[in-house]
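**Q** Full structure from sequences and hints, please.
The sequence shown begins at 1 in full-length UniProt numbering and counts up by one.
Do not rely on the hints blindly, as some may be mistaken.
Said to hold, decoys possible - The calculated lysine to aspartate or glutamate pairs, modelled on EDC-like cross-linking and capped at a C-alpha distance of 20 Å, are:
no. : residue 1 : residue 2
1   : Lys199    : Glu148
2   : Lys101    : Glu220
3   : Lys101    : Asp91
4   : Lys63     : Asp91
5   : Lys63     : Glu48
6   : Lys388    : Asp11
7   : Lys388    : Asp156
8   : Lys199    : Asp156
9   : Lys101    : Asp16
10  : Lys199    : Glu210
Derived by calculation from the structure, the hints in this document are not laboratory data.
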Amino acid sequence: MTSAPASLFNDALMTDPYGTYARLREAGPVHRTITPDGAPVWVVTRYEDVRAALTDPRLSLNKANVHITGRYQSSMPPELDAHLLNLDPPDHTRLRRLVSKAFTARRIEGLRQRVQAHADELLAAITERPADLMPSLANPLPMEVICELLGIPAADRRDFHAWTDSVRGSSEDAAVESRAAMREMHRYLTGVIAAKRNKPTDDLLTAMTEAHDEHDSLSEPELLAMSFLLLFTGYTSAVNLIGNATLALLLHPAVMDSVRAGHTPVRAVVEETLRWNAPVTLGVRRFTLEDVTIGGITIPTGSRVWVSLASANRDPAQFTDADCFQPERPSTHLDFGHGIHYCLGAPLARLEAEVALTGLIARFPDLRLAVPAEELEWLPSFHHRGLKALPVTW
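**A** Right under this line is the structure:
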């Protein structure tokens, strides 16, 4: 058995995840450690093992398959928990099929003009130097877009922004505020869903209330949980992706010049960011339904398993010059997952990041960091990789 130090989930992992994971990959494919709430967990670090684990039916997403303790146990109201990231087939298959009837590629692509309009408005408001691109662009754009997609009235979106920021808090002190925010979101979404049933409109919430397959449809708890999942994950991942992709360009001026000259597509920058400095660092926790051997190491039945997407995406066995930012490389990253649990919102996150980067590059030809890169601070999270602030000038 390979054991990582009990302090694996510490400040060093948040500030330098890639150095930490490089050492873990070198030491072994799987490591047993403890989570911040004291629960034992197995961490999978190498690309091939992570990719295989993401599709292994012996690794369950359903929390009912293991005894859960600690802060995670009480953080999520049951009414918001019945979503895709907590289900295995056949329940997952049924729910994804119904949600996919509403969350279509056509609906997402139909948002492009609105995403562009929101981005243009936000960029036009950036006039004073230096400017922080997180509160001025990366944070508000995904919130406006996901709320518009769902059909949340403009007057209520400020509340959603505040609630989502509260839920993102990772400290013990933030736990109470996070639970209060989730209760408020639950209360609000219950009312909105009822309103959509009575007066349908052209939005995703209405489409989900109307989605059906023969005699099957989404239940009220499923509607609530999926709405919450789309709001929270759709917002958090896109915010971090926009910030991380912008930073990648600022740190690599030759790539920025290539994008400006039309030689490197913005889409390629987004894809390489998803590999090189991904918004999601740890995949959704899984639980072993039986003894599972990964990389020659047997993980006992009933164990909690985390697959490190950040580590897999920097694995030199899979990627040549894995620590280098190279948008021209083939895109085989795992940040949106793999298999039946591949992220449903991936096309939306890509769209938002592409539009934001394209507008930013066009409007600010001399964009550069306003502080040394080593002074940038990262959000305190083991699961997500995002900047607290991104000060720039031009």
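**Q** CA of Lys388 to CA of Asp156, is that 20 Å or under?
**A** 24 Å, violated
**Q** Check whether the Cα positions of Lys199 and Glu210 lie no farther apart than 20 Å.
**A** With Cα atoms ~12 Å apart, Lys199 and Glu210 stay inside 20 Å; holds.
**Q** Between the alpha carbons of Lys199 and Asp156, is the straight-line distance 20 Å or under?
**A** 18 Å, holds
**Q** Holds or violated: Lys101 with Asp16, Cα cutoff 20 Å?
**A** 40 Å, violated
**Q** Keeping to a limit of 20 Å between CA atoms, is the pair of Lys101 and Asp91 held or broken?
**A** Status holds; Cα separation ~16 Å.
**Q** Would you check the hint for Lys388 and Asp11, treating anything up to 20 Å between C-alpha atoms as holding?
**A** 15 Å, holds
**Q** Take the C-alpha atoms of Lys63 and Glu48, compute the straight-line distance between them, and say whether it is at most 20 Å.
**A** 25 Å, violated
**Q** Holds or violated: Lys199 and Glu148, Cα atoms, limit 20 Å.
**A** Holds, because 17 Å separates the two Cα atoms, which is no more than 20 Å.
**Q** Within a Cα-Cα threshold of 20 Å, do Lys63 and Asp91 meet the stated pairing?
**A** With Cα atoms ~14 Å apart, Lys63 and Asp91 stay inside 20 Å; holds.
**Q** Lys101 and Glu220 were given as a pair; does the straight-line alpha-carbon distance stay at or below 20 Å?
**A** 17 Å, holds
In summary, the numbered hints that this structure violates are 5, 7 and 9.
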